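Q: Spelled out, the chains give:
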Amino acid sequence: MEAAFSGKLETVYRRYVDEDGNAISILQDIQAEFGYIPEEAINSIARMTGIAPSMFFGIVTFYTQFHTRPRGANIITACCGTVCHVKGAQRIISRIHDELRLKEDQDTTRDKLFTLEKVNCIGACSIAPVVVVNQKVHGRMSPEKMARELKKCRERTDA
Amino acid sequence: MISLTIDGREVSVFEGTSVLEAARILEIDIPTLCHDPRLKPFGGCRLCIVEIRGMARPVTACTTPAIGGMVVTTTSERLYRLRRTIIELLLSDHPNDCMVCARAGDCTLQEQAYFYKLRLNRFTGEMRDHDRVDANPFIKREMNKCILCGLCVRVCDEVQGVNAIDFAFRGFNARVTPPFEKDLDCEFCGQCVAVCPTGALTGKVWAGEARQKDVKMTDTVCSYCGCGCNITLHTVRDRVVRITSRPDTHNRGWLCAKGRFGYEFINHPDRLKTPLIRRKKGGNLEPAAWEDAFDLIAGQFTRIKEESGPDALGGLASARCTNEENYVFQKFFRAVIGTNNIDHCARY
Amino acid sequence: MPKGVTVNVCMGTGGIAGGADEVLAAFREELSRNSVEGRVLEKCAVHQVGCRGFCARDVLVDITIDDERTTYQYIRPDMVKRLVSEHIIGGEPVADWMVSDEYHRFHDLQKKIVLADCGTIDPEDIEAYIDAGGYRAITEVLESRTPAEVIDEVRRSGLRGRGGAGFPTGQKWELCAANEADRRYIICNADEGDPGAFMDRSVIEGNPHSVIEGMLIGAYAVGSDSGYVYIRAEYPLAVDRLRLALDQARAKGFLGPDILNSGFSFDIKIKLGAGAFVCGEETALIASIEGERGMPRAKPPYPADKGLWGKPTIINNVETWANLPPIINNGADWYAGIGSEKSKGTKVFALTGKIRNTGLIEVPMGISLRDIIFDIGGGIEGGRLLKAVQTGGPSGGCIPQQHIDLAMDYDNLLAVGSMMGSGGMVVLDESDCMVNIARFFLEFTQAESCGKCTPCRLGTKRLLEILTRITEGEGRKGDIELLEDLAGDVRDTSLCGLGMSAPNPVLSTIRYFRHEYEAHIHDKHCPAKVCRKLLTFFIREDLCVGCGMCRKACPTGAADGKPKAPHHIDTSSCVKCGACYDVCKFKAVLKE
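Chains as they are written, first to last, in my numbering: chain Y, 1 to 159; chain G, 160 to 507; chain H, 508 to 1099.
Note that these hints are calculated values from the structure, not bench results.
Only a predicted model underlies this, so the values are computations on that prediction, with no experimental measurement involved.
Don't take each hint at face value.
What the hints assert, rightly or not - In silico lysine-lysine, DSS-like type, Cα no more than 25 angstroms apart, as pairs:
hint : chain 1 : residue 1 : chain 2 : residue 2
1    : H       : K1092     : Y       : K145
2    : H       : K1092     : Y       : K151
3    : Y       : K152      : H       : K1059
4    : H       : K1092     : G       : K276
5    : G       : K363      : G       : K417
6    : H       : K818      : G       : K199
7    : H       : K1094     : Y       : K145
8    : H       : K818      : Y       : K118
9    : H       : K1083     : Y       : K145
10   : Y       : K118      : H       : K1040
11   : G       : K199      : H       : K806
12   : H       : K1094     : H       : K1071
13   : H       : K1036     : H       : K1083
14   : Y       : K103      : H       : K1040
15   : H       : K776      : H       : K818
16   : H       : K1059     : Y       : K103
17   : H       : K1040     : Y       : K151
The shape of chain Y in the complex, shown without the other chains:
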């Protein structure tokens, strides 16, 4: 386990050893590898690269793409772009919160089945409001359709 962990980090590190300015790319690769950015990964990669852990932490918390905690099995991405907003994205998001019993500032359910994230705009404005469920784009959503989608996800994960 330990060896596998540092092996993966070593591979990521080697990919970028020749050039400066790759802290973000390194973190992107770490996240691709582990699904999130574990604290130990930052500490180890900091030792390898000589870049301070505080800098990595600053980058991780700056960019919305990075997550410092493991995420749910199903990723629900609600688009909050202008058009989705005027077409009722907020009602869909509240419905997701209700259905998943997520608190206002919570993004992952306690059973780690779902993670809800918001994105500024995925550029699918013509079929707004849009929700991406596990990378599949669903256009012209409504709170009811959303509830049905969540139910389907739950059934699929249970099965």
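With the hints as your guide, set chains G and H onto chain Y.
A: Positioned in the frame of chain Y, the structure of chains G and H alone reads:
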């Protein structure tokens, strides 16, 4: 050299000089919060905005390089209003804590609020809540007083090279923190404390001590090592309550953890202030006059040298002495005692 | 059996959402079942709308038989069988499913330069680009022009940066080239972050080689050997197509050392953005490429003097780069002949919101809003009244209905308090609340503020708080003036473009819709019936059938009643969540 006009006065400066530096040559006071001439300009607080002819919007004097023929205005009604709004915004997210703040009377933010006559704030709203206690022994971090000027981050990076802290998160939630918001774990040089313009970073060792008005300041030299950093002792009734260093000294105001925080020994009851002599075998060490002590040492050295030769003696010098003192010490052993048995603690 | 059959299915994020994948598979299956010698191609997807930018009619399918093209709209997989048997095999187009006149009107007023080849060529095949005249410009430039001549051509064309601010491109290049430096960098800004904008992505998805060729021209002009494309990771399809295009260009010798034996060398790297709107700002983008937090740096020095790694750097956005090959091919005079006096050429807009024909359009600069909305856009959705057009995203403003004859160019938009931005155009109708719109944009900029400078970090927060209390009925006398004062100060003192332009939505909505702010503050009333806390929900007894949906949906038990009898809402326990309004199938729940 290029010359520019600031507030109607001409000044000649080297190329690469910032507008702020040029103004300071003319002793024109432009307020700043995030600027320190020893660190790279940041341009974050926006307080040093000035108007430059031909530019539509105000620019920060600290980041704008002076250009020949530039015409700069540092004070105007508009600039006053804009600067006032900036301070007002900062205060809208700053605890109104001056009564119990260690920096009261010595705080740049407080001073600016005073100059800009800010009593009521138009922008009441959510305030940050960062009152977690950092367990480290030296540096008190009250991050809800932080104005994100970035001086601590820059000094830790540019001067100390430690990078113990950095900006994290963003926008209203942006904060300066060690990785993963853990307790500070660094060299505790306290450089960050020295540059902090507010009460966000203060020394735990001088918490609750004297107010600035009671303090007597005495410039001296740090006794910890041979570097000879200039320090300023803050004393109240002959008791040292804090140590700082001036930026215009050879150490540019930078100190180490010992120099900045390790002054407890000065007022410590166990500190030796006179020589001690054990007059009777098996007896106690007793305070003595310096003359008696020197007589005793000189007498014993002479006796040992006569009885057993100079190589029976050896000298161990200290890194806390200056170069000159160490030189004299080895000269004494080589020339006066006549031995090369000489060593120094820094060798180990 | 017919020969030379091509079926083009629009494949983009939204096209796929609309089932383009399944449609494509159905065609493949149906054609092979019938042994037709057809080629079922993934049409170059401009974006989710499909190739022609006609978003509203997804999935669009082109069937071309012996150069005769028929376009179908709203195609689902189960319709494929009939299309194949009647049209492809039988030779009789299916008239019911063909696009209407509206589809053609949608295109009539457009002028396509950047999007000219998007939707007609395969973006994953460099040969298709070359066949359409691609890489001709860079070949000619390398063979017969000096860098100074190229810069002069671009300067004379009048091209201005399409990223929003509209800085003259030629002038930017001139400044960069004039600097003494051992190295210069070229950057393509594809960090399109404005909500409601997807032009840049569409160009990269539809014609990535045009961007690469544009960058080559720029690199040659200013003497750079190294370029970057900074692109959002949220655009996976665009990233893949760009990667493929770079590989193909390298294999063909258009990138790498000694390009076309000219002695000129240039290559491009991709840097993925990690989700920060502020990185669209050029100095923040540079910080991000350098691997740091994307915090903007003070200007001057400008990137053209000191940019990436401290070297002179040119940053232009995707659309700007894609304009360059046509300018070189057709000449500066041709380009300068298109558009308005101070804004030359065309502009790509993402036309969305409450409009019938949503989609991606390219129009000559100077076209009126009226032409865009009513001719190209087909008017307002549902026959409601136009209220305003929001341009420039969170940096822009709302242009009210009375300025509908405004000629769209950089300077006119600024004059009415908005800006071109990167080209998002959201149409708002009478059912949109302008205070709520301003609040929405401030919520966005506040969340995207990097936190470096005081006015943006705290000013946007306070602006948002004031707007929020107005929309929640807690607005105070003097709040409008306070918003105006603070917005002006934030605009004047912020470090970068984000903070400078963040107040625009507030200032422009106050300028044109002050009465809506006043209604919220003084009358506690939202004229557009959007701000929930100012609404009262009630049930019309004559319409209610007592189905009980509202009772089940209500979180507080405020909506109540006996089955099959009219329900009612207890206003004292109603939390105004709107759940009853959403679920009622009989439109019996009303808000006032």
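Q: Going straight from one Cα to the other, do K1092 of chain H and K145 of chain Y come out at no more than 25 angstroms?
A: holds, 14 angstroms
Q: Do the alpha carbons of K1092 of chain H and K276 of chain G lie within 25 angstroms of each other, as the hint requires?
A: violated, 59 angstroms
Q: Could you grab the alpha-carbon distance between K1092 of chain H and K151 of chain Y and see if it respects the 25 angstroms cut-off?
A: Distance of about 22 angstroms is within 25 angstroms: holds.
Q: Quick one, are K152 of chain Y and K1059 of chain H close enough, alpha carbons at most 25 angstroms?
A: holds, 21 angstroms
Q: For the pair we were handed, K818 of chain H and K118 of chain Y, check the Cα-Cα distance against 25 angstroms.
A: violated, 36 angstroms
Q: K1040 of chain H and K151 of chain Y were given as a pair; does the straight-line alpha-carbon distance stay at or below 25 angstroms?
A: Since the Cα atoms of K1040 of chain H and K151 of chain Y sit roughly 30 angstroms apart, the hinted pair is violated (cutoff 25 angstroms).
Q: Just to be careful, I want the Cα atoms of K818 of chain H and K199 of chain G compared with a cutoff of 25 angstroms; is the pair within it?
A: holds, 18 angstroms
Q: Take the C-alpha atoms of K1059 of chain H and K103 of chain Y, compute the straight-line distance between them, and say whether it is at most 25 angstroms.
A: At roughly 21 angstroms apart (the allowed maximum being 25 angstroms), K103 of chain Y and K1059 of chain H satisfy the hint.
Q: Between the alpha carbons of K776 of chain H and K818 of chain H, is the straight-line distance 25 angstroms or under?
A: Answer holds: K776 of chain H to K818 of chain H is near 17 angstroms, not above 25 angstroms.
Q: Would you check the hint for K103 of chain Y and K1040 of chain H, treating anything up to 25 angstroms between C-alpha atoms as holding?
A: With a Cα-Cα distance of about 20 angstroms, the restraint between K103 of chain Y and K1040 of chain H holds, given a limit of 25 angstroms.
Q: Check whether the Cα positions of K1094 of chain H and K145 of chain Y lie no farther apart than 25 angstroms.
A: holds, 18 angstroms
Q: Hey, K199 of chain G versus K806 of chain H, does the alpha-carbon distance stay inside 25 angstroms?
A: holds, 14 angstroms
Checked against the numbered hints given earlier, this structure breaks hints 4, 8 and 17; the rest are met.
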